[in-house]
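Protein chains in written order, with this note's numbering: chain P, 7 to 426; chain H, 7 to 426.
Keep in mind that the hints were calculated from the coordinates and are not lab data. There could be a bad hint or two in this list.
No distinction is drawn between identical chains; accordingly, a pair holds when it is met within one copy or between any pair of copies.
[Stated by the list, open to error] Below 20 Å or equal to it, Euclidean Cα-Cα: the simulated SDA-like pairs (lysine to any residue) are: (1) Lys353 / Asp397; (2) Lys353 / Glu110; (3) Lys257 / Glu110; (4) Lys374 / Gln289; (5) Lys379 / Ala93; (6) Lys113 / Ala254; (7) Lys374 / Glu161; (8) Lys113 / Thr252.
2 protein chains.
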Amino acid sequence: MSWRWALRSWRSSRARFNGRSHEMNFSTAPCGALSSRTSISPENPTKVLVCRDGGYLGARRLHNIRYQHDHDRSSEEESLDPFSLVADELSLIADRLRSTIIAEVPKLASAAEYFFKMGVEGKRFRPTVLLHMASALNMPIPRPVSNDLFSNLSEELRTRQQRIAEITEMIHVASLLHDDVLDDADTRRGIGSLNLVMGNKLSVLAGDFLLSRACIALASLGNTEVVTLMATAVEHLVNGETMQMTTAADKRCSMEYYLQKTFYKTASLISNSCKAIAILAGQTAEVSMLAYNYGQNLGLAYQLIDDVLDFTGTSSSLGKGSLSDIHHGIVTAPILFAMEEYPQLRKVVDRGLKDPADVDVALEYLGKSQGIKRARELAAEHANYAIEAIDALPKSHDANVYISRRALVDLTHKVLTRTK
Amino acid sequence: MSWRWALRSWRSSRARFNGRSHEMNFSTAPCGALSSRTSISPENPTKVLVCRDGGYLGARRLHNIRYQHDHDRSSEEESLDPFSLVADELSLIADRLRSTIIAEVPKLASAAEYFFKMGVEGKRFRPTVLLHMASALNMPIPRPVSNDLFSNLSEELRTRQQRIAEITEMIHVASLLHDDVLDDADTRRGIGSLNLVMGNKLSVLAGDFLLSRACIALASLGNTEVVTLMATAVEHLVNGETMQMTTAADKRCSMEYYLQKTFYKTASLISNSCKAIAILAGQTAEVSMLAYNYGQNLGLAYQLIDDVLDFTGTSSSLGKGSLSDIHHGIVTAPILFAMEEYPQLRKVVDRGLKDPADVDVALEYLGKSQGIKRARELAAEHANYAIEAIDALPKSHDANVYISRRALVDLTHKVLTRTK
């Protein structure tokens, strides 16, 4: 079974799927399917995309045309780093988050704040994306009654959008706490996992507590569509985790299943929260869907690279990563692609990868295959879809909007080129 | 330290507490504190209550005055059983619940529906309370434009109130699933616990899934106050479970701490959902608070009796219950009351009740104390508060309202006299 078939099949299942709300939907992407010869790869990020119908100059090129300033980037690189651009606001969000999750019961308070303390807040990737998305969608609003009112309205909207970033972090950390219990993990973000330090019970309870606080914070926004989006993201996290637990051979070896699981586990939270940002801003369904598509494809690209790095680590050589997935019997994109080239790998995978000798054989096949390369290419493909979504947003001449859209594009590149 | 002091202290802490929303609040109860000589006991449920100010004929008597028909009850007992009265609606809710929690991922679907299958749905106590509360608050609404519109509006309201009953069950079952993982329980509702049958991972995930579906269902009601109430109940469940895990001697031996924990673990969900029913009906703050007070006191009475039954089981003799709490080192009201009479019991409890010999000593003290009796009295006191809340509702001459209010009062008696 070709992975491209799987992908097409997956896409067509998505199309059927789109009858249900908040699911994967690429239908608004300006280019539905890219031919294999023209997919960009991370090694050559400026390579031009051509659609099967031949009429499309790829998103990255469009992006380069639109953002001419890119040529002078080096001088301003530091000031335009997506994370630096919103550093102050990220600190504000972190402070407010810490005050939002104070529990009455002392033990619960310690558990809940564990991953929100200074220094262990993680990369803050999601809040960074969401703050830039908020600015990127800051399209003109009807002339307000007074400047004061205008200023108040903008500020209020921004605060509400910051709340989405906080809620997203709460949901994300809640899922980490529960996942670490499920996986019996002992480290997270460079420190002992909460289950290791305070036990499984407090980890489960702290996760539940964060979910309830997220729900209360959501309710305070007074927008039931946004509540539904974010609750759906929680459900998807659970779906993804459950799908990953499967032992059924046909599912473990299916690219379609893998991509669906990856959407649920990684992409749904960021895509739904991007959409929530748009909805709070009162954006149209089309713009909200573009925000969703950006988040979805960024999330998929992120996880694909994550899965590659599990094999390669910071170097590009196979076997230098932690090999955590394969040692846990989790089959990811690189192995699925390798299996396409070497169907005999399927038998090894079907045995469950519990035997270290089987893992070695699988790594050998992976090494002589195009698995890693193809997984990177697929990540690049999704990164392009993400860029396309940004490019398809209504034009704006606002400098801040411009900077934020560029930051969102830069983030897709950071996702592709990251080494950890 | 007297338990009455603890109770007063607890009440005064509640009063301070009431600055925060949705916490325990007895302040609307017509009689703030009942003197010990006049508290009713379950053995003599018609005994009259007298307030410390001497001016109050207890709620049960008021209730008897208002519900004169009680004298002819035997003939209609069957038809007026609170559970039978709403049997059809309970089935409807159970069916809808089953369709609400269908998960896309098959394994998750099996786990999530585990306690919603026919025969293992439990007593359905909460939905029964909530359906009667909905009818009890069915006060006249302004004359509608047409009979059709009136009928549609009522039906729509009823459906929304049924949703609260469904959401309450989802939250309740989610908390059971997580609690059973935390307690490593092996049975629940007469069958194997989900963690035993499908493992801890799926139990945690199914709990999270139910919480996310509850949140989505809440959002669909479009009332953010209701979302906040129900999310607060989830948080309280977590608070209660965490408080129960404490090993601090001063907390384990404090009546105040015990009652606070009991409110969080048992009473908050039913009190907040009763209030949600009132809010959906567009009731005033006063009526909503009465609904809340009913649920709160019913919940406290329920748990106090539960704690008594853990010692007595179906008989009234000590030691015939499962003794599950004391064997897990959990200190409940009967032991706390016994400790008041026999302060030397404190030392035994402080050692953690891990040694079976200590458990035997504790049971010996409990046997010669008034602990069980006093716990039952406290339950009766709270049952009376619950009845008072119903009695304080605005008068109505609607027969269905009358029947439902009587059912709510009957439920308080069932709580006191239940043997399992």
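### Task
Tell me, in ascending order, the numbers of any earlier hints that this structure violates.
1, 2, 4, 5 and 7
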